[in-house]
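Q: Listed in order, the protein sequences are those of chains A and B.
According to the working numbering, the first sequence holds residues 12 to 200 in order.
According to the working numbering, the second sequence holds residues 36 to 216 in order.
In short, the hints are calculated from the structure, not lab data.
Predicted, not measured: the structure shown is a model, and the values here were computed from it.
Cβ coordinates follow ideal geometry from the N, Cα and C atoms, glycine included.
A portion of the hints provided could be inaccurate.
[Said to hold, decoys possible] Computed footprint of chain B on chain A; a stretch qualifies when at least three of its residues, placed anywhere within it, have a C-beta under 8 Å from a C-beta of chain B:
| id | stretch |
| --- | --- |
| 1 | 41-54 |
| 2 | 96-102 |
| 3 | 171-183 |
[Stated by the list, open to error] Simulated coverage check for chain B against chain A, where a stretch passes if three residues somewhere in it have a Cβ under 8 Å from a Cβ of chain A:
| id | stretch |
| --- | --- |
| 4 | 39-53 |
| 5 | 118-129 |
| 6 | 146-157 |
| 7 | 194-207 |
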Amino acid sequence: MSTDSSSDRPVRENERLDSDGVARQRPAYTESQVIMTTVKVVVPFVLTYGLYMMFHGAGSPGGSFQGGALVASVIIMIAFAFGIDATRIWVSNTILVGLATVGVLIFGGLALATIALGGAFLDYSELLILNAIVELPANEWAKWGMETIEIGGIAFIVAGVLMGLFFLLASGYDPEADSGHTAEVRADD
Amino acid sequence: MTMITPLELTLFVFVLITAIMTALFRDVLASIVIFAAYSLGLAVVYTFYRAPDVGLTEAAIGAGITTILLLLTIAKTTRPRHDETFEKINWPAAGVCGLFALVLGATMFAFPAVGDPNAPAMTNPDVTVYYIENAYQETGVENAVTAVLAAYRGFDTFGEAVVVFAAGVASLIVLGREVFA
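With the sequences and hints as input, model every part of the structure.
A: Below is the structure:
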């Protein structure tokens, strides 16, 4: 599975496939000290950069689409290093689908709320009604509205869907049994 | 303005070679790895032309996530073994592609130079000039790209976000996975 590390490993496994004469699936997870150590060192920085990109997209290049992809790649790296099945149990499918759904709800909710207040779709000037709570000029409210849909909307959707696609592809389509059990057994030998 | 710097030339050659190699390699794994290098080169090209937002997206999605998803796909399926390294070139198809590239290339001379301040896209008072002059006063964000994406063209962005969401849900249903499992 960890095809990103050494160039000779896939060939070796391919040869084993050939000598068997059976198109058997490769072991789902091979423990590698190099990958685990690298991921442990790199992940905090990637996560920080992803969050920075999300929260700072209004003032610098980047934005929540890229930031969300980076945050998703953190989980994907962890899955590569410590086993996809173990990570899938840790980050359950429910959380990922929930993340994406909440993102759509926040984005759509804010957009529809401005319509309900009498403005247009995503009409941030309607947020001036919140001046009853905090006094801010119009462009500040627009900024906070944009931050809301960027961080609470797009980042949640992108991160949730990308992680979900990764785990979906990893588990693949098998209608009867989950492949996680056989993979665990094979990783032991 | 028409001078091509050595850095640009290197990038172009790199992107071109990796693109051709992606098509020529017979081994799927080799193709995927070279394709990732191609995406990374393209990301640097975008950044070089002052489009860091596009460059970041290309690096994160094109070079990163897409490569991982493609690698996962060959890990889950079988990778056929080939004796020859390169695909045989289909010369008629290559000829048609070359002609197409020539036709496209012939239109290149009609484009304004890169970064030309008098280019129509830069001088349009209703679009680019309006955004550059008013984005900060109206939306309070320094990155005009974000202002366009999240405020002026917010409805389009909502559509894009929902398309991503729908694609995720569709794959979930097609692969027959339960959500609450």
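Q: Each hint: holds or not?
A: Hint check results:
Here's how the stretch 41-54 of chain A fares: 0 of its residues keep a CB closer than 8 Å to some CB of chain B, so the rule of at least three is not met and the hint is violated. For the stretch 96-102 of chain A, the stated coverage by chain B is violated: 0 residues have a C-beta nearer than 8 Å to a C-beta of that chain, whereas at least 3 were required. For the stretch 171-183 of chain A, the proposed coverage by chain B is satisfied: 11 residues have a C-beta within less than 8 Å of a C-beta in that chain, meeting the threshold of three. Residues of the stretch 39-53 of chain B lying with their CB closer than 8 Å to a CB of chain A number 0, which falls below the three-residue condition for coverage.
With 0 residues having a Cβ less than 8 Å from any Cβ of chain A, the stretch 118-129 of chain B misses the three-residue criterion, and the hint is violated. With a cut-off of 8 Å between beta carbons, the stretch 146-157 of chain B has 0 residues touching chain A; three or more are needed, and the interface restraint is violated. Only residues whose C-beta sits within less than 8 Å of a C-beta in chain A count toward coverage, and the stretch 194-207 of chain B has 9 of them, enough to reach three; the restraint holds.
Hint compliance for this structure: hints 1, 2, 4, 5 and 6 are broken, all remaining hints hold.
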